[in-house]
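Asker: Here's the letter readout for the chains.
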Amino acid sequence: MNGITTALEFLPEILVLAGALLVLLLDVVGVRRLEAFGGVIVAAFGAALVAILADLSVAPFAGWSTLPAGSLDVGPVGGSLYAFTSFGLVFQGIFLSAALLVAVASLSRTSNEKGASVFYALLGIAALGMLLVAVSADLIFLLLSLEVTAISSYLLVGYTRRESRGLEAAMKFYIIGALSAALSFYGASLLYGAYGTTSLAVIGHSYPSGGLGPLAIVGYAFLFAGIGFEVTIVPFHAWAVDVYDGAPTDVSAFLAGGTKKVGLFAFFAVFLVPLLLIGGGAATASGSFRDSLQILIAVFAILTMTIGNVLALMQDNMKRMLAYSSISQAGYMLLGVAVATSAALTGATLQIFAHVLLKGGAFLVVAAAAGLGVGPMIADWKGFGHRRPVLGASFALMLLGLAGIPLTIGFVSKFILFAATVQAEGLFLWLAIAGLLNSALSVFYYARVLRTMYAESPEGALTPTEEVRGLAFDGLGLGRAVAIGAAVVAIVGFGVDPQPLVQVMQAAVQHFVTLGI
Amino acid sequence: MFLQDLASWAFLVPLLMVLSFVLVGFLGPYLKNWREGGWIAVVISGIAMVLGLLIAAGEMLSPGRYTDLHTTWISVPGNGTGVFPNGFSLVMGTLVDPISALMLIVVNVVGFLVLLYSIEYMQHDRGLSRYFAELSLFLAAMNGLILADNLLEFFLFWELVGVCSYFLIGFYYEKPAAASAAKEAFLVTRVGDVLFLLGIFVYFGAYATAGAAGGWAANGFLFVHGTNPYIPIGTGANPTLLTIGGLLILGGAAGKSAQFPLHVWLPDAMEGPTTVSALIHAATMVAAGVYLLAVASLFLGFTAADQFAIVAVGGFTTLFAATMAVVNPDIKRVIAYSTISQLGYMVLAVGAGFTMVGLYHLFTHAFFKALLFLAAGAVIHAVGTQNLFKMGGLRKVMPVTWLAFFVGALSLSGIPPFAGFWSKDDILSSLYGTLGAHPDYWPFFLMAVATVFLTAYYIFRAFFLAFGGDHPRDDSLPHGHDPSWIMKGPLMVLSGLAIFAGVFVFIPGFSNLLPGIGVPPTYTVTDILLSAMSVGLAGLGIGTAYVLWGNGRVFTLPDDSPLQSIRTVLLRRYYIKDAYDAFGQRVIYGIARIADFTDRFVIDGAIHGAERSFAGLNRRMRGIQSGVVLDYTAYVVAGLVVVLVVLLVIAPWLLSMWGGT
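Heads up: the protein sequence lines correspond to chains Y and X, in order.
Numbering-wise, the working numbering comes out as the position in the first sequence, counting from 1, plus 120.
FYI, the working numbering numbers position 551 of the second sequence as 536, with every residue one higher than the one before it.
Reference excerpt, derived from the structure (chain Y facing chain X, CB under 7 Å, subset only):
{"#": "1", "residue": "I295"}
{"#": "2", "residue": "A341"}
{"#": "3", "residue": "A345"}
{"#": "4", "residue": "P355"}
{"#": "5", "residue": "W359"}
{"#": "6", "residue": "D411"}
{"#": "7", "residue": "S412"}
{"#": "8", "residue": "I415"}
{"#": "9", "residue": "L416"}
{"#": "10", "residue": "A463"}
{"#": "11", "residue": "P526"}
{"#": "12", "residue": "A539"}
{"#": "13", "residue": "P618"}
Keep in mind that the hints were calculated from the coordinates and are not lab data.
Computed from a predicted structure; not experimentally measured.
Every residue gets a Cβ at the ideal spot worked out from N, C-alpha and C, and that includes glycine.
Put together the whole structure using the sequences plus the hints.
Answerer: See below:
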């Protein structure tokens, strides 16, 4: 394999890395404009996204693929650390969409903002780590890529260095993150002890006939806790609320929309292989590990969605409410892992993408509203729907999507996810019922925000002339308007006509399931 | 052949109204001179109406045709096992058949007229763009519902019209009564919605056991499953399940169409603007329940037990609601009770197997009831009260409104040749014809006949109270005057329809929309006697009303009259709402109290404890030396222990309990 081929294989990653380095270089040579940094990163992300879509043969870009023929969906060659699968590429696309949304929206910040270059460079490096996670075929490679993202995220949370809240959040994030990374690596070392390899495919395929030893089981348990931190599985979630609340809101959008999804992909990579491949007839002395793992994930899925929802119900602060809702959404995604059929995985993948648009978009609206003088509490949003009809309707749409209302992408993903859970029959029916009840519960806190926005007047009622202030994009900035608009179009577009998206994901999941990596 | 081909473009009708919703909703606030976008909604709904009428005309030219177009909306892949081995799909599509063409006429004509009327009626209200946007969305959803070609799509639009109704009832959300009426309507119809959804599941189960599930589910619950659309698929299925499914569907229809015992929300829904009452709570959305029953009877089929239940609910509601209309002092609520009662007639007809007759009454009722509401709206607009006992003498100052209300009242009372006569008469004579085979329908037939008298009485009581006499009973009322042409126009068009809509079915083409109705009448002596009796009863009702309330008279029941107690019962609406409220107070509130206690002392305690520690943290220290971060690490470690315990102990134990599945 010569250098050129490798470079072409890693084209998206190289583009993103080059963008991040160029930003730092520009800073060194004295460029001080946020637009310049942002432009470079947006261009890099955009080009990388096109390269990924081309590799996936998506309509307008099909044929531009830079992957060598026959290297997609064949699994790691000769113990390679990475492998290109359409499943991984779909996730790369999801990660880049999240990063791109945030990068575009952030263009609207003040042009001479201090630390803009740091922000965009970190965004690029975090995205690089995300892309690498999605191609890793080796446990250590995967965990290291995860760390690349995690360390950039800690810095992103505190990069402004002015707000004590951000710094405090970054510190908390870092401490819990370091602990979790230690758990993950310890788990990986235990698995290495059990299998003598860190290749995910080999670990998956070489399930010992005598059953899994305690060494491997404990290793998986540590990995569950370590990766559970990224995914915000309860009780490894506690950092998320403080961090989403304390971080600059654009960064919160990136964390909720982006880095969390990386954790989910890592979760898929580490746990789906045993779920899909191990088991069958082989069983340990005390029952099949596959079934134990399913029970474990199901229990934590229900725990995560329920606790996330119940705590979200009680929040008065908008960002904290969204953070808890984000935690509960992770529970739905775990549902798909627990069921582990191709239909359920399609649903979970779709739910992850939906969440990027819905939650990422919602945080961007919150950031935009803060710029318009709306306070942090839910009560500060009284009458917002009337004062800013377009922004308010966008936010309403995102909340409705999170609640799973038809004609939004949120309905499509939940429908497929729950239908697949029901389809799996047996005890999974209870999982589906738990999920549906939670879904119904979540409607309450989304509806509460809608009521506040549309049916309550702010104290000291506005005079009619004040009621509608300015056109849709006044005071919003082009970047934010474009990012929010793109999210809205995608939410409704894929909600009305989801089939093309579903088919791409379905095909990718099918490859993953048959290939087993 | 252009007209026939239009059926393939039916999806444009709801889409046009979605366009109107988007345009008005987003641009409206900036269009002060265009009545905040109201004219946009009027123009677009006018186009939608023309398209709807042309599609219906195409259907008239091709008898018994149905055009089904659909596309897979969401497909769930199958995995070879489980409930759906080959997966299944949600389908979105349009079905243009005779009855949906009929509904296209009703919904879009009334919708357009109401929007036009609203331009003047609502001109002094704030938030007009919200009003017109929500009405547009409602019309989009209603058109989607009548064109739906499968049960799940039908349900989605069914929910959407409910949501629009909720928003529009609560349009004056600053008014507590309106806010609580909106909530009540939402909750009560929700009960029906849940029953409807369960009904879909039960029907699915019924067909699953009959071996048809693969087909029915895989094709997305499509209505059309053969060459003749109107042959129910209910063959070979478990009859018990079909009966339960039918009853659940009846529950859904009762919620939407305000049938006993889910009728309580409709009178309170009168807190919304009168235009909303005319369109949603008289002509269209409340008729969706009847339409659902019609669709279910044509495509799914009811068992004999279902039919009896539907007849019983419809027949009883007809009389029950009419009695409450008799005493009510509020002009809008009288008409609201009348709507419940008339919907009861339709339910009765569909239940007894006369689906087309029921739809025939739906068609005529939509026009004369919308007319009555809009005329009442003109009165309220002019005098600023809904209390009949304060009005009076309006005939002189509002001649056009007077005439419109008069026409509507005659049509509702069933006086020939007004529209209401033909359809109501058809219901009575059809039902009478089945009494030989179904003697158990007798009580409900008698209730339907008694209602004829009550209907004529209560509507003319309202008519005489509002328009009779020389002057208002309350002198402080402003002197009324007829509205401008924007409101008068719709009143006149609807008056025309309230007069002539009944005889449309005798026009050869139109009768294709209601197969079996309008064939040259072969009236027997019995039929003629029956008609004479019902007209006589209606005349008696009008006469009674005139004697008691005509020429400005106000009939007061003597205080010691035994009828006083009945009057109180009627005014208290048979105490049903009180009972529901009491149930809510005692049972639901009790549960809520328990939940509240848990919330306050268990969950809140934990939350506030955590919050206090955050607050403390902010004050005392920054960064690493925080107790909270230590807490979080403690969670992580505790979580890790739980994971280990589940993986190593609990899960294997559970698996051994279940025999290692």
